[in-house]
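Please build the complete structure, drawing on both the sequences and the hints.
The chain contents come next:
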Amino acid sequence: MSAVRIYVPCDAAALSVGAGETAAAILAEAARRHVEVELKRNGSRGLLWLEPLVEVATDRGRVAYGPVHAADVPGLFDAGFTDGGAHALAHGLTAEIPYLRSQERLTFARVGLIDPQSLDDYREYGGFRGLGAALSMPPAAIVECLTESGLRGRGGAAFPAGIKWKTVLATPAAQKYIVCNADEGDSGTYSDRMLMEGDPFVLIEGMIIAGLATGATRGYIYLRCEYPHARRALQAAIATCQASGYLGADILGSGRAFDLEVRLGAGAYICGEETSLLESLEGRRGQVRFKPPLPAVAGLFGQPTVINNVITLASVPIILDRGAAHYRGFGMGRSRGTLPIQLTGNIRQGGLIEKAFGLTLRELIYDYGGGTLSGRPVRAVQVGGPLGAYLPESQFDTPLDYEAFAQIKGMLGHGGIVVFDDSVDMAAQARYAMEFCAIESCGKCTPCRIGSTRGVEVIDRLLAGEQAAKQEALLRDLCETLTHGSLCALGGLTPYPVLSALDHFAEDFHKPLPARARAE
Amino acid sequence: MPTNPPRRVIAIKPERPSTLDAPQRAAIEGVCARLQATPGALLPVLHAVQDALGFVPKDAVPLVAHALNLSLAEVHGVLSFYHWFRSREPGRHLMHLCRAEACQSVGAVQLEAYAKRNLGIGFHDTTADGAITLEPVYCLGNCALGPSLMIDDELHGRVTTRRFDELVARAKASP
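If you read the protein sequences in the order shown, they are chains A and B. First residue of the first sequence? That's 8 in the working numbering, and the numbers climb one at a time after it. First residue of the second sequence? That's 282 in the working numbering, and the numbers climb one at a time after it.
A portion of the hints provided could be inaccurate.
[What the hints assert, rightly or not] Some chain B residues flagged as far from chain A (calculated, every beta-carbon gap over 12 Å): (1) Arg306; (2) Lys339; (3) Pro371; (4) Thr407; (5) Arg439; (6) Val449; (7) Ala452; (8) Ala454.
[Stated by the list, open to error] Just so you have them, the derived chain B footprint on chain A, three or more residues with Cβ under 8 Å: (9) 51–60; (10) 133–147; (11) 505–514.
[Unchecked claim] Below, simulated SDA-like cross-link-like pairs (lysine to any residue); rule was C-alpha separation at most 25 Å, straight line: (12) B:Lys339 <-> B:Ser368; (13) A:Lys451 <-> B:Phe362; (14) B:Lys339 <-> B:Glu393; (15) A:Lys451 <-> B:Arg373.
Hints listed in this document are in silico derivations from the structure and should not be mistaken for laboratory results. By construction, the Cβ of each residue, glycine as well, lies at the ideal position given by its N, Cα and C atoms.
In structure tokens, the structure reads:
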């Protein structure tokens, strides 16, 4: 009898709830029972509430068990899980789990399916086909394909990727750069991390194609240092690509050169802003640059630079492989393709959902998420990271679309959705938004640097009931200054969570003092 | 012939002697030699120094500045800008506790209070036994499984107060 193939994720989220111990327990129990097991460490399927999610390969397909902790392992062997046997933790075929079955996985097509470090797995599941296509195309045709696909920057700003690339291609320079923004600092987001850990080759492939399209020969992945697992995954995958001719002076014998390395950030949220990131890469404080010049014209070390988010670059290979029309066929309005949505916070079934644009928050929170983890009613949802608006239940029918969110003074950002139940104090959330801005402000412009600290103070006075009406007027005025006077999105968007909390949850700002003291 | 007025000298505080010991100095110089040709070398150098020594001593600043042909102000400016770099020696283990919204929604504020009370320290401080340094962090990318914390390079999710106690006990018992 051949060995049973068992998958246990090596994704950081899975490890955080014990996947490492589960894997060790499976091996130990298999040895004790003389069962031959081939343990594969895959990325996460994104069904995070089921982590550690163990899968067993059977004739019918991969059967899911989860969450499987080390203590559950002997019982699973007793139940014959190595043949896909029934058990309380069994969920049937993984691919048939409704949460997963209903998704449209383009960028995340391989994540969770393959061993992230296996080049053979990567190629078997369609890897490097996009690169193959790109190698046979002139640069302008690659850029045209990207433009046609309608892909917009997935980091948050949603700028059309094709336009950036076109500018870099059209700007002559001896050295151009591809920079991947992997400084995923927004709370409620982890799609970059999951992708880098679960399918690092697709990001590398996307960056190589970006290099071919624009004439850049050097790439940097600027990765936040809070992601040690992603760092190891990327570095190993880059070394593999260098050893097998995908990276280096002569990509697959084409005569074209591209090489890349990982650079670590150092815990500054602002470095997710593209010009701060470039400053940081050059070895300076991560302070925002004035624009123009655009990075596409004068970016890293003053040279033309493509700077794109992880998901943007990782979506490039499938666009080149399947064609622009295929990708464009997903989505709504001007939001084309798919968005990896991250359902997080106080949610029963948190995870990653890659779907075409257009789902509503309600579908996500209730149909996918199953409501709150605590079982209490949902009160507010923050979409788009710490600079995103807090939305009340009345706005849950807003479709996930860049323009629809802009209309309700919100933003989709990087696709993170944080759910709060009715125990949340929205005044505390508004105060935290100002506090966060104060901690993370780069200090270059006054509204953000000083305004954020003053914002915390004004909210404190408002909550203490000191001339509340006057404080509220002052807070709104301050937010207006931040919105219009800040250099970048940190100061410019901090008013979103503050004002949305104030507008939609005003009652939390005017609680009588004893109630507030008790709550604390 | 007019006599020159006596030259006025602005007294400069003499540099205090370096507190680096020989192995620390060698580590810093080794890192600088290895990385000084890297484009935009300062962050990689500071990371490498911190990886080697656990922190970036104040007295590393002149050595790094000299090797990279930067001013003291430039190096100090970068060192103090980024939250990740530490100028003080940490405890044996680093605990990064997430303070961000997704973790807040599942009790991170309460966990933070519990952590500070039980470790008997605030953020950026080290426990009296030198075992744990507590640092805030703004997102560990584990937002569906919060509250989260990271001990050294190990990520932990769904951290209850009981789990917190277990993790602390384990860290205190290990070298």
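Hints, verified against the model:
1. In this structure Arg306 of chain B is separated from chain A by more than 12 Å, as the shortest Cβ-Cβ distance comes to about 22 Å.
2. Listed as outside the interface, Lys339 of chain B is consistent with that label: its C-beta sits roughly 17 Å from the nearest C-beta of chain A, beyond the 12 Å cut-off.
3. Every beta carbon of chain A lies more than 12 Å from that of Pro371 of chain B, the smallest distance being close to 14 Å; the non-interface claim holds.
4. Against chain A, the non-interface label of Thr407 of chain B holds: every CB pair exceeds 12 Å, the least being about 18 Å.
5. A cut-off of 12 Å between C-beta atoms contradicts the statement that Arg439 of chain B is not in contact with chain A; the least separation is 6 Å.
6. For Val449 of chain B, the non-interface assignment is confirmed: its Cβ lies about 17 Å from the closest Cβ of chain A, beyond the 12 Å cut-off.
7. Consistency note on Ala452 of chain B: stated as away from chain A, and its beta-carbon is indeed over 12 Å from all of that chain's, at 16 Å minimum.
8. Consistency note on Ala454 of chain B: stated as away from chain A, and its beta-carbon is indeed over 12 Å from all of that chain's, at 17 Å minimum.
9. With 3 residues bearing a CB less than 8 Å from a CB of chain B, the region 51–60 of chain A meets the requirement of three and the coverage assertion stands.
10. Given as covered by chain B, the region 133–147 of chain A fails the check, having 0 residues with a CB less than 8 Å from a CB of that chain where 3 are the minimum.
11. Counting residues of the region 505–514 of chain A whose beta carbon lies closer than 8 Å to any beta carbon of chain B gives 0, which falls below the threshold of three, so the coverage claim is violated.
12. For a cut-off of 25 Å, the pair hint linking Lys339 of chain B to Ser368 of chain B stands: about 6 Å separates their Cα positions.
13. Distance check on the hinted pair: Lys451 of chain A and Phe362 of chain B sit about 12 Å apart at the alpha-carbon level, within 25 Å; holds.
14. At roughly 29 Å between alpha-carbon atoms, Lys339 of chain B and Glu393 of chain B are farther apart than 25 Å, so this suggested pair is violated.
15. Between Lys451 of chain A and Arg373 of chain B, the direct Cα distance comes to roughly 36 Å. Violation of the 25 Å bound is thereby established for this hinted pair.
When each numbered hint is compared with the structure, violations occur for hints 5, 10, 11, 14, 15.
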